[in-house]
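Enquirer: Whenever a hint applies, use it, and build me the whole structure from the sequences.
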Amino acid sequence: MTKKVLIVDDEQNIAISVEYLMRREGFDVSVAKDGEEGLAMIRSTKPDLVLLDVMMPKMDGFQVCSEVRADASLAGVRIIMLTAKGREAEIEKGLSLGADAYIPKPFSTSDLVSRVKALLEPKE
Amino acid sequence: MLSGPLVVVTSFLYLGLLFAIAYWADRRADTGRSVISNPTVYALSLAVYCTAWTYYGSVGRAAATGYGFLPIYLGPTLAATLWVFLLLKMVRISKSQRITSIADFISSRYGKSHLLGGLVTVIAVVGVLPYIALQLKAISSSFSILIHYPDVMLPGGAHTLPVWRDTAFYIALILAVFTILLGTRHLDASERHEGMVAAIAFESIVKLFALTAVGVFITFGLYDGFGDVVHQALQAGHLKTRLIPEGGANFWFSLSLLSALAVLMLPRQFQVAVVENSGENQLRRAIWLFPLYLLLINIFVLPIALAGQLEFAGMGVDADTYVLTLPIAHKQQWLALFSYLGGLSAATGMVIVETIALSTMVCNDLVMPGLLRRWRYRAPSMDLSVILLLVRRGAIFVVLMLGYSYFRLAGEAYALVAIGLISFAAVAQFAPAMIGGMYWRGGTRGGALAGLSAGFLVWIYTLLLPSFAKSGWLARDFLDLGPFGIALLKPQALFGLEGFDEITHCLFWSLTLNIGAYLIVSSIRAPNAEETTQATRFVDAMSINRPIAEGLWRGRAEVDDLISLTGRFLGEDRARESFAEYYAKERNIEDDAELPADGETVHFAETLLAGAIGSASARAMIASVVQEEPLGLDEVMDILDEASQIRAYSHELEQKSRELEAATAELKAANVKLLELDHLKDDFMSSVTHELRTPLTSIRAFSEILWEDPKIDLEERKRFLGIIVSETERLTRLVNQVLDLAKIESGHAVWTSSEVDLGDIIRQSIDASEQLIIDRGGRLKLDLPDAPAKVMADQDRLMQVMLNLLSNAAKFMAKESGRVEVHLKRQQNMYKVMVSDNGSGVPVKLQPVIFEKFRQGVEGSANPLGTGLGLPISREIIEHFGGRLSVKSTPEKGAIFSFVLPCINRGGAAPSNNPGQEAEA
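Note that the protein sequences, when read in sequence, are chains B and U.
Following our numbering, the numbering of the first sequence begins with 665 at its first residue and continues without gaps.
Following our numbering, the numbering of the second sequence begins with 26 at its first residue and continues without gaps.
Read the hints as simulated data drawn from the structure, not as lab findings.
Every residue gets a Cβ at the ideal spot worked out from N, C-alpha and C, and that includes glycine.
Here are some of the chain B residues that sit facing chain U, going by a computed Cβ distance under 8 Å: (1) E675; (2) N677; (3) I678; (4) S681; (5) Y684; (6) L685; (7) M719; (8) A748; (9) K749; (10) K769; (11) F771; (12) S772.
Expert: This is how it looks when you write it as structure tokens:
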């Protein structure tokens, strides 16, 4: 079954690039352009994995992450924080809020793809 | 019926009551609940000023001279206002130096001179003895008048009786015993007498009430109030001359001056006002309560005098006795007895305090110096404190016996009032040396001696000898023709000075010569070391908090010697106690083993001793147990200079420390500000980093995609490369703007300022950005005035602002039928440029922050072209040229960004003072 990946990023060009990368790997990709829309789509589509930006209008990535982790019905959703905010404190904040990984921008495309694949592989 | 025994018993009961009060007050003082620390008690004790001379004599004087009795109370009343400075300073000095008497005060000021103290004592004894005699006479006369009740019978000449049948002799003896009991009851030669002060305050109440009772009886009992007394006296012809004061203005002036001085210089007044003072705060009540007392005790003087003259017209009753004889004449035996007690209070109060004060002076300034000289060769066989007490008691006895002798000799010779004034004039001679010494550093021992001697001799010549002549002891020729017939030397018209009364005459010559001699002799020689030291302690008394002893004494001393020396006069236990307290309180030394015997300790021991034997004797005693090296005047001057410099330095230091505190506070505030700025800078760096990483992310991602997969189809490849190019441009723009803003904010930007036309700039910037608006499907409307709009600015910078505003407008105008408008108009002395669009506008809550860095004003839409620095830079530019950039926006209806810049006035550039207001308009 095709894994569903949701990209939440207000930077159009970054979203385009990530969308291209994910599609190339054969995932079912959708895009949200701010935090609120992203959370709504997570709730409605229950993606397997979310690539989540931090600095976004309306609702930031940290808030989206903690909302998702507070919702038991969304327990299976993997979250990768993908952000230009690269300070240690922010990485720790993201991980402590329940993100599965934290990848600083700019990222290596191959690295991003392998991290996504690793998280989506069945854990046997 | 009043009988001799009843009056005697009553008198003794009254004295017993006084003693009981004194005993009670002493006991209270021992348990620490002093009654005399009460300011009212202090003010009442000052009323010892009102003696029998006031009680009986004022009425006599009023009968003779009308209002002539008033200046004696007017002077002190007026002078009381000066007590705030003068008496306060006297008290401050006396407490710090443990001054025991007025003789001690003057002697201490001029280098602790025995000679000076002795001279003051002699003047005081000679001047005041007649005054004591007068009190004895008053008691004795009033007693003999009272026992003849109900007859009004004046006493005959006492000096005709043998001594052992003379009442006055027994009165003097009884008062001597009583004074010894009150003044020297303890084997403790301390300078204060709490019990005595309490008894005196009580006596002041009794005499006031007694005189008032007599006055009320006469004025309202015998007559219908004040008006009636005066009316009847007028009709009888007694008042005509009474309302015109005798002697004229200069007599009133000299009498007021004399009494103003006497109220501080009389030995008994100095005793109660200064020596017995137990707190400077007492002065505050005394300066109004004491004058009030004087007023009250004088209210009924004139009515009593007038009533007496009406009552006893032609009967030869002495006006000095009216206070007693009027109640007797009207058969008021109890009122008469009360009146007698009032007079007894007035007289005994004066005698007790005056005698104690004189005995202290005689003991410390006349007897002690002689004894000390003898002891230098032969040690005394008795305990010194016992000797001291015996000397004091002996002095009291001798003073009273001398007073009695004078009374026997003078007898009826001279009127009561005159004796009082003669005493006043004698003690007034202390004023130049005393007051001068408190305010002038230049006075010397020689000057004080010369002044006092001159004044005293003139007093003897112009007042005392004439009073003898008037009493018939000297030939009248001396008075009328001058000695040896030399008219120029007539005692009461000296050097031809005529037309003054005797008191004014004496005061004029004695004080002139006194002050003259004091100043002239003082100026012959500069003050020596000891005089300079004491001058500083007296003159600077109000500004020195700590005794300036350190350094002013050089030598070697043993603490044990000092303690045993003071112990010999004060008692061993009390001396040890005092030293222990001193070390603990003043020096913070608890350990008995390490008591330093330095200058301060020696000074303390000397002061302690001075309280018992006077400062001059204390100096001599201390000098006998320590090895001293005398200091030269230069050294003393240096030390005093240093002390005053240290005071100045410490003042300066306080100032500096206050400045430092202020600077510290400023630094703290600056630090807080810096931390805030640091925080802002961190935020800025973090934002810049984020803004740099975002385009880099796209560039890297697409580059890697294209690199890894060269076979991507052409359309996609073109699109990706397009993104890379535009993100690179964005990156470049960002870097440029960050640098630009940094340059502006740090003040390193280069600004050119020239006359530019806003219209030109708007047109040029529209040329550059119109295509962008058209590309996005919008329309542009331009509204420019015909006249040029000249401002002083940097052409390129204004272009930058316009392009920023136009590109923002193009970016945010409505997607369909977008419209951008540019207006330029003049508002008073400003030009206003408005750039408006019809987009979604700026949300109200974001309007205040869109000019901050990296705050892009539009939510929820990606903004690939904005860097978040355009508006902050624009605002900096506009404000640099004295203008203001602002925004008005109604959400969903678009935004209007506008700026104002000051016009150039013809003839020169003059920006408006307050551009902000214009922009808001």
